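Residues per chain are reported as follows:
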Amino acid sequence: MYSEKVMDHFTNPRNVGEIENPDGVGEVGNAKCGDIMRIYLDIKGDIIEDVKFKTFGCGAAVATSSMVTEMVKGKTIEEALVISNAAVAEALGGLPPAKMHCSNLAADALHSAIQNYKDKQKKE
Amino acid sequence: MYSEKVMDHFTNPRNVGEIENPDGVGEVGNAKCGDIMRIYLDIKGDIIEDVKFKTFGCGAAVATSSMVTEMVKGKTIEEALVISNAAVAEALGGLPPAKMHCSNLAADALHSAIQNYKDKQKKE
Amino acid sequence: MKRIYLDHSATTPVDLEVAALMMTYYTEKYGNPSSVHSFGREARQALEEARRQVAELIGATPQEITFTSGGTEADNLAIIGTAEAMSKKGKHLITSSVEHHAVLETCEFLAKNGFELTILPVDAEGIVSVEDVRMAIRPDTILISVMHANNEVGAIQPIVEIGQLAKEHSITFHVDAVQTLGKIPINVKDMNIDLLTVSSHKIYGPKGVGALYVRKGVRLAPRAHGGSQEKKRRSGTENTPGIIGFGKACELIGKRMDKEDARQIILRDKLMNGIIERIKYVKVNGPLGEKRLANNVNVSIRFVEGESLLLSLDMLGIAASSGSACTSGSLDPSHVLLAMGLVHEIAHGSLRFSLGSQNTEEEIDYVLEQLPKIVERLRMMSPLYDQAIHK
Amino acid sequence: MKRIYLDHSATTPVDLEVAALMMTYYTEKYGNPSSVHSFGREARQALEEARRQVAELIGATPQEITFTSGGTEADNLAIIGTAEAMSKKGKHLITSSVEHHAVLETCEFLAKNGFELTILPVDAEGIVSVEDVRMAIRPDTILISVMHANNEVGAIQPIVEIGQLAKEHSITFHVDAVQTLGKIPINVKDMNIDLLTVSSHKIYGPKGVGALYVRKGVRLAPRAHGGSQEKKRRSGTENTPGIIGFGKACELIGKRMDKEDARQIILRDKLMNGIIERIKYVKVNGPLGEKRLANNVNVSIRFVEGESLLLSLDMLGIAASSGSACTSGSLDPSHVLLAMGLVHEIAHGSLRFSLGSQNTEEEIDYVLEQLPKIVERLRMMSPLYDQAIHK
Ligand SMILES: Cc1ncc(COP(=O)(O)O)c(C=O)c1O
Ligand SMILES: Cc1ncc(COP(=O)(O)O)c(C=O)c1O
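Residue numbers (our numbering), protein chains in the order written: chain A, 171 to 294; chain B, 171 to 294; chain C, 7 to 397; chain D, 7 to 397.
The hints are simulated quantities; they were obtained by calculation from the structure and are not laboratory data. Where hints are given, some of them may not hold.
Derived PhoX-like pairs: lysine-lysine, alpha-carbon spacing no greater than 25 Å straight-line [said to hold, decoys possible]:
1. D:K118 with C:K237
2. D:K237 with C:K118
3. C:K97 with D:K94
4. C:K379 with A:K175
5. C:K222 with C:K237
6. C:K118 with D:K94
7. C:K238 with C:K222
8. D:K297 with D:K173
9. B:K222 with B:K202
10. B:K175 with D:K222
11. D:K238 with D:K222
12. A:K243 with A:K290
13. B:K290 with B:K243
14. D:K297 with C:K118
15. C:K35 with D:K8
Stretch-level coverage of chain B by chain D, calculated; a stretch enters the list once three of its residues show a Cβ under 8 Å from a Cβ in chain D [said to hold, decoys possible]:
16. 179-193
17. 253-263
Just so you know, these numbers come straight off a predicted model, no measurement behind them. Note that beta-carbon positions come from the ideal geometry of N, C-alpha and C, so glycine has one too.
Pulled out of the complex, with its shape left as it was, chain A reads as follows:
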């Protein structure tokens, strides 16, 4: 069902956890449909210095969350914003068709965290 890469990220997810006092937090999904992803960002200048996630969901949800954190660590916000859900799936060597829509939301969570960071910036 899942590629080896997906199973690897599911079994050994990168960057699980929380950041205390994060610069941005984003959450997508809801428990009703079985997937919640929350992403925490630590941003210095324009650079994503640290990123963590917590996810409630299926194998694909965990793996895409893990993958997206790997993809953005050390990147600029601009670079992070162009990462799409499809790009995350591709980086994992593909997802089963049934999973492409429901559990492939990690990039959305990332973007939401960046938006949260930007909103905070504006307020300050």
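Once you have looked at the hints, place chains B, C and D with the ligands on chain A.
Frame of chain A; chains B, C and D with the ligands shown alone:
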């Protein structure tokens, strides 16, 4: 499908053949439905001295023909007239349900041959 | 890696004795039972012996057994066949909200095609109320279809009482007994059942074989048209080896039913209680005790999602199933758990272990050792968990 | 007694390699392909490999293959599924008078339920005329169903030309290829076929398995409702071992098709010519040469009845079949022979030998040695024979 007795009468049918100048001949069935039975009788006084048959038909048709000839040889006409198709089937140890109606006509052929004999008697 | 199979409600391995018998009919006695010759006759004879074996396990006569390609086909035949045969009498059908999809979807198909459907609710344990059935009956009701026991939560339904009601009102009564055949004694006569669905691959017989019991005199329209096999009820060359395997499986499971049932109840309770003791925030789904199938354990483990649990178990060689949406490819979790009143997020975290004849106590111990660690790991990852424990 | 099986159009033995593979999936890799765990995944993988194997043999893509419980179910699904999906467009169906009962009875079922049916005649060889098809087409025609080759007399139909017509008129074209799969090369794309029925037990695969090819884009309503297997086209737990066996059987027969075809033609002609030479008053049914299936011999032997012939052959260990009414349990002989213009009494005396991969020349010799004696014996008993020869 068929009982051993049916198979025996099919494989070694008793009294196959014709009687030249028979006292009575009876035929039932038609080629259209796949069964024709013809019975020849040789009658002395009231006694069926000899009986032969020819049959076109399935295993049950051959076996019932053979059986009915065995059952009537040496019997009186009255005794022969009470033999029914059901009695022939019973004497064979039963027939498959599908065969009870279409191929179990040997007693009818016998009765028809007796009728033929009686009709001839009247004319004389 | 040793693998531990705890998904017997999904399907079972074929008993070796059954498989060996089938091999003979695949490769040596391969005749078509409709044929006149000896190959055909030996196949026919074995087929009829299988019909007798299936009939015996449910208290029916062999003539009342129609073989099908499985439980799903039998359910479809029962429901659509009744609807078609009885539509002049009425167009109202009654079923329950916890039926297998093979029943529910078929009823819903009819509901889209001119029939009216009442779907009965269940209580928190997944059980249909006899009173609800009584109240749902109308003069134009032609079918009541309620399963014997539920495949997800193991809830055993009050079939005898519902059968009594159906009989009083002369309504055809269909029971899906796929999960109870060979597990709970069934007697279609005593239970007033008109149509009973059974399936071979849940009782250590082959996949792709099932049967519908059709009580003598019950009117049922056929659905498969063709060579008039199965007394015109179900055309198609008979799956002789499969049917013979099913017959043998019925014989074998019938013999060991009582003993095996008692054995599985012990394992079941050990597993269920062990989970509750070792893991916090766990809810048992379905009834306890007498009203639960001997082989069914179903729990909701809060704050984690079912497919993640399954994958984690699978990596340790443990095979189970879940009511999570993610395992079905749909967005909603199990319709059974929702009908029982569970909220979505809890239903998503459900796990079913279904026991079989080969399972041992050691296997249960292993699951009880591993599952808490898996849950702990997944909960540490879950945004719902810290919210809840920080509350 | 050595037994000689010459009834391969009725059913075939399962290839030993196929049976061995199936055993693995019955007893070891027994998972339900819908399950998430490793048992489920290994079953799924093998199932999809089988889909590829079936697709390859007919020039389809795997996604276009829907597995069923056999040819009969596939025919029913094709015809009723099309009728249901297309009834808004029209209600007229076209089929031929020599179709298998699985097609004819299904069409007639629809004819009793609001559809209109044209049943095309055949010529004396059992072949449908393309011109007749053209003339039967109406603006409201939604389906043309014509078999690839006939199971009784081996007549190969002008499928390519009919497919062309169907395409020109945008009518769904269904072909029952149960008797040609693995015997005549099939390419559904080149042949403009929309729906193609195949069955496993005619090609040394297991009974109870078949498939319907459904061209991408063709509209078809499902008939089995339930767990949404086979992309919702056909619900029910997949008969994984059976399907895997079918896939393997397709692979094996595909490889040996050309050679085996040539070999069987030689045996066929030897048998057919031998019968004509040795027995008087014999008529060959069906076409000769190119238009005849390589494995089919069908003769009418006058003045004798088919079942008697079969029983007599069977006592010598020879298994064949007949178009006689007596073998079907009905009163009328083969509808195929009648459609070809044979009178009842001649149709009753028909005999079919259908060859398979294990038949040898010695076996044919034995049949040619025994059959004349049998016929002689039965003719001596037949009241029709002396009438005829005394004429
Ligand atoms: C209660 C119930 N009914 C019907 C079915 C369907 O039977 P089958 O898998 O033989 O199609 C199943 C199993 O999947 C079941 O558990
Ligand atoms: C031409 C034809 N179509 C359909 C069928 C039915 O297929 P099955 O036996 O798999 O139901 C058969 C065989 O019986 C056949 O010969």
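Q: May I ask which of the numbered hints given earlier this structure violates, with the numbers listed in increasing order?
A: 10, 14, 17
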